[in-house]
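J.: In case you want the letters, here they are:
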Amino acid sequence: MGEAIVITSGKGGVGKTTTTANLGTSLALLDKKVCLIDTDIGLRNLDVVLGLENRIIYDIIDVAEKRCKISQALIKDKRFDCLYLLPAAQTSDKSALTPEGMIEIVEQLKTEYDYILIDCPAGIEQGFKNAVAGADKALVVTTPEKSSVRDADRIIGLLEQEDIDPPNLIINRIRNHMMKNGEMLDIDEIVQILSIDLIGIVADDDEVIKASNSGEPVAFQPNTRASIAYRNIARRILGESVPLQSLDQKVTFFDRLKKVFSK
Amino acid sequence: MIVAGNRCITIKGTRDGLILFMDDTCAFNDLLVELETVLMTKYLADDEQSIRIKVELGNRYVTESQEAQLKALFDQQQKFIVEEIVSNVILKQTALDWKEDTAIKLHNKVIRSGQVLEVNGDLLLIGDVNPGGKVVATGNIYILGYLRGIAHAGVDGNKSAVVAASYMAPTQLRIANIISRPSDQDKDGGMMECGYIDETGENILMDRMHALSRLRSELNAFERRILHG
Ligand SMILES: Nc1ncnc2c1ncn2[C@@H]1O[C@H](COP(=O)(O)OP(=O)(O)OP(=O)(O)O)[C@@H](O)[C@H]1O
Ligand SMILES: [Mg+2]
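Protein chains in written order, with the working numbering: chain A, 1 to 263; chain B, 1 to 229.
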């Protein structure tokens, strides 16, 4: 029985789709059987980032409305045999997808896949509720900006009301020099405000954008900062303890606190 | 100890005046009748100086009107000054009200953006109030954590309510009907601070937390009320 993880953020454009594509790729690289679900009805992107756009025949709404079987709608990745995508619909009526419909789809996929990653739309409306409905766990993505952290906080509050494990945090698009100069919230500050466990940090990296445009997630590249970061997060999802990548951070208050207490 | 040959009332003289112990098993009316006679007895009546009186009711509960009746008897003569009428018992409702007013409502969680926590009485929050979150109490608000959102103490109009936080960096502080926000320069906030309404009743001031013991000594109200009955 697999595990369903929703990737969500509240605020738009902070990297949910990028994270979903890259974690899916990284988990597949680790030989896991993975299915990605795009729930951003009307604004689907995940297929583009994965370079699978031209293979779509059926979509999630077709599945929900029983116009096709799940297996007919799933698209196999170009690079892996163990990575699949259930694409969002681009045109259909949004209200055709319901939390119950989602749960049914996710439960069915869980029997065949190790991990189901659900790419959540921005916002806290119906789309969010659908995406969360079938999930066992949640990853909250934020960037080191106040407004993004604020929305992440809102989302965490909503997730706490769901029947779901406490979410983990990914801080995306970190720009080291700005953090050092105090022009961006630093990692400790964000973790302190959101008070949930940090599962990974991803640098702001032009390679991510280039990779998205070429339809091949950055996680494939052997040695860029972002690809290492995504692969590390995937290993942490599998339960390995992988130290946070050094971003040249000073020893911080919370690190010190932990050290003092763990002696 | 002077026993005036009565059934219900025992009188004891002290340096400060007289203490009248009222038997708590006899009928209230008998008590009134007997009190009237006692107060007329010669040795009390003859004394010219004013006499301070304390009445000990024991385990008897008296209503407000009964208490007034007792006082009226003493008032018939100028020289009696009733200092106190004390009883060991109060109404259950009064006790519950005390408890409700003074009980501290403990919550252990993070109040996140978009969330509101409201309590009757005082709030002790073990956790943060994040930006966009809000805590509201009819009494005082104590936060063991970061206050970064909004806190509204004394929401029913209690101007002596206070807000105290381990780390005070609110977007707004509200006490009763007064609303304030930190100046645009003061973005960082401070450790162990409190907010209260000043003597004019118009402004919310901030101070170090230990100033509370001086500014709001009545915060120990429950202890005091219990001690003084
Ligand atoms: N670590 C990164 N470094 C550089 N660019 C990034 C990074 N993460 C995401 N981006 C870029 O940010 C943009 C938004 O990312 P993405 O589409 O993943 O966000 P989203 O949260 O899914 O947005 P939406 O809310 O619209 O669904 C994309 O152009 C993406 O390439
Ligand atoms: Mg997206």
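In short, the hints are calculated from the structure, not lab data. A few of these clues could be false.
List of simulated lysine-lysine pairs, PhoX-like, C-alpha gap at most 20 angstroms [stated by the list, open to error]:
{"no.": "1", "chain 1": "A", "residue 1": "Lys146", "chain 2": "B", "residue 2": "Lys134"}
{"no.": "2", "chain 1": "A", "residue 1": "Lys146", "chain 2": "B", "residue 2": "Lys12"}
{"no.": "3", "chain 1": "A", "residue 1": "Lys180", "chain 2": "A", "residue 2": "Lys11"}
{"no.": "4", "chain 1": "B", "residue 1": "Lys134", "chain 2": "A", "residue 2": "Lys180"}
{"no.": "5", "chain 1": "A", "residue 1": "Lys146", "chain 2": "A", "residue 2": "Lys180"}
Estimated spans, in silico, between C-beta atoms of each pair [claimed, not checked]:
{"no.": "6", "chain 1": "A", "residue 1": "Leu43", "chain 2": "B", "residue 2": "Leu144", "range": "37 to 45 angstroms"}
{"no.": "7", "chain 1": "B", "residue 1": "Ser217", "chain 2": "A", "residue 2": "Asn176", "range": "49 to 57 angstroms"}
{"no.": "8", "chain 1": "A", "residue 1": "Gly215", "chain 2": "B", "residue 2": "Ile179", "range": "48 to 56 angstroms"}
{"no.": "9", "chain 1": "A", "residue 1": "Ile103", "chain 2": "B", "residue 2": "Asp198", "range": "36 to 44 angstroms"}
Values in this document were obtained by computation on a predicted structure and should not be read as measured data. From the three backbone atoms N, C-alpha and C, an ideal C-beta is built for every residue, glycine too.
J.: Would you list, in rising numerical order, the hints stated earlier that this structure does not obey?
T.: 2, 3, 4, 9
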